[in-house]
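Protein chains in written order, with our numbering: chain B, 1 to 226; chain A, 1 to 66.
I should point out that these hints are in silico values taken from the structure, not numbers from a laboratory.
Remember, it's a predicted structure, so these values are computed and weren't measured experimentally.
Each hint should be verified, as a subset may be incorrect.
[As the list claims (entries may be wrong)] Below, computed lysine-lysine pairings styled on DSS-like, alpha-carbon distance capped at 27 Å:
(1) K64/A with K88/B
(2) K12/A with K200/B
(3) K153/B with K193/B
(4) K160/B with K193/B
(5) K88/B with K59/A
(6) K48/B with K12/A
(7) K48/B with K88/B
(8) K200/B with K153/B
(9) K88/B with K52/A
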Amino acid sequence: MTLAVPIGQDNKKLNTLAQAEVERVMNEANSLDPTGPQRILQAIESLKPPELIKLRRFAEWRMRAIGPKKGRSADDLFQEAFLRVLGKQRRWKDNLAFLPLLYGAIRSISNRWGKAKLNEILECDLGQADDQENHLSELHTTSLHAERVVDAKQELETVKCLFADDPAALNIINRMGQFPASEIKTQLGLTEKQYQTAMKRIRRRLAQAFPERCRKREAKAAKAVR
Amino acid sequence: MKKSDQVVKADKWIDLMNGLAETVLEASDEEILEETRELGGDPLVEAEEVRKLLLQTLKTALAKTS
Numbered sequence: 001m002t003l004a005v006p007i008g009q010d011n012k013k014l015n016t017l018a019q020a021e022v023e024r025v026m027n028e029a030n031s032l033d034p035t036g037p038q039r040i041l042q043a044i045e046s047l048k049p050p051e052l053i054k055l056r057r058f059a060e061w062r063m064r065a066i067g068p069k070k071g072r073s074a075d076d077l078f079q080e081a082f083l084r085v086l087g088k089q090r091r092w093k094d095n096l097a098f099l100p101l102l103y104g105a106i107r108s109i110s111n112r113w114g115k116a117k118l119n120e121i122l123e124c125d126l127g128q129a130d131d132q133e134n135h136l137s138e139l140h141t142t143s144l145h146a147e148r149v150v151d152a153k154q155e156l157e158t159v160k161c162l163f164a165d166d167p168a169a170l171n172i173i174n175r176m177g178q179f180p181a182s183e184i185k186t187q188l189g190l191t192e193k194q195y196q197t198a199m200k201r202i203r204r205r206l207a208q209a210f211p212e213r214c215r216k217r218e219a220k221a222a223k224a225v226r
Numbered sequence: 001m002k003k004s005d006q007v008v009k010a011d012k013w014i015d016l017m018n019g020l021a022e023t024v025l026e027a028s029d030e031e032i033l034e035e036t037r038e039l040g041g042d043p044l045v046e047a048e049e050v051r052k053l054l055l056q057t058l059k060t061a062l063a064k065t066s
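Same shape as in the complex, but just chain B (with noise of 0.2 Å):
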C-alpha cells in the first residue's frame, strides 16, 4: 500500500519546485528580452476591474472544489499560476493571450491539489496498516479522508435543499460537470438569457452557503494588501 506524504511537506516540496523552475526560465527569458518585466507589468495594469475580479472568483470556484487546503486560499491558488504562466512568458509574447494561459494554469494546480485529496481517500479504502509506522499515517489519512467525505456529503445535501424550491437550479446542477453548457441548455430546453438568469442565482446562492472560505480569503488579502 502508498503512503500517505503529509499534505504540508508535499506542498512545501512542490513549491520549491515550482518555484526554481519559475526562476530558471526567467533568467533565460530576461537575457533574451529584457523588456520582459515591463510587458507583464503592462498586462497587469491593463486588466479591468471584471477581469481581476473573474479571476478570483474563478479561484475561489475551483478551490471550493478541493474543500480545504491546509494553509491555502483561492488566492494562493490565482498567485502560484502567475508564478507558472511568468515561466512561460515567452509563450503569451508570441500573441498568445495572458488570461486564457493564466486560467490554464490555475485548472491544472487545481486539478493536481484535488487529485492528492481523492488519493488520500483511495488509499485509506485500501486497508489497514500493518505496522506503527503506518498505523499512523493511516490515522492521518482517516481523518483528512472522514473530513472530505462529511464535507463532500453535507455539502450536496446543503445544495439540495437550497435549490427545493427552484427545481430548473436544480435540474442544471445535476449535469453540470457531465455535460458541456450548450448540451445542458438543449436538453432543459432553455434560452441563453435563461440559462445565464438561473447561472446567476445558483451562483449567488452557492457563494452565500458556503462563504467560509471567501471570509478566510479576505482576511488574509486584507492581511496582504496592508
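On the provided structure of chain B, position chain A as indicated by the hints.
Okay, now just chain A, sitting in the frame of chain B:
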C-alpha cells in the same frame, strides 16, 4: 476498481464547483460586478486587491531572479 460512494460524492461536488468556475468566465462583466455588490463587496476595491496580489507576486519573482 469500483469507486466508493464517498469518492462518487466527492467527484460530484468537484464537478459542480468546477462547472460553476467555468460559468464565471461565461458571465458578462456587468453580471460579475453586480454579483460582487450583492455579496456586499466593492468591485473596485476587490479588483485592486487582486491587482496588488499579482504585482506582489511579480515583484517577488523578479527579486529572486535578479
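We went through each hint and held it up to the structure:
1. K64/A with K88/B: holds (16 Å)
2. K12/A with K200/B: holds (20 Å)
3. K153/B with K193/B: Status violated; Cα separation ~31 Å.
4. K160/B with K193/B: Distance ~23 Å between K160/B and K193/B Cα, so the pair holds.
5. K88/B with K59/A: Holds: K88/B and K59/A sit about 16 Å apart, inside 27 Å.
6. K48/B with K12/A: The given pair, whose Cα atoms are some 33 Å apart, is violated under the 27 Å limit.
7. K48/B with K88/B: holds (22 Å)
8. K200/B with K153/B: Status holds; Cα separation ~24 Å.
9. K88/B with K52/A: Holds, at roughly 21 Å.
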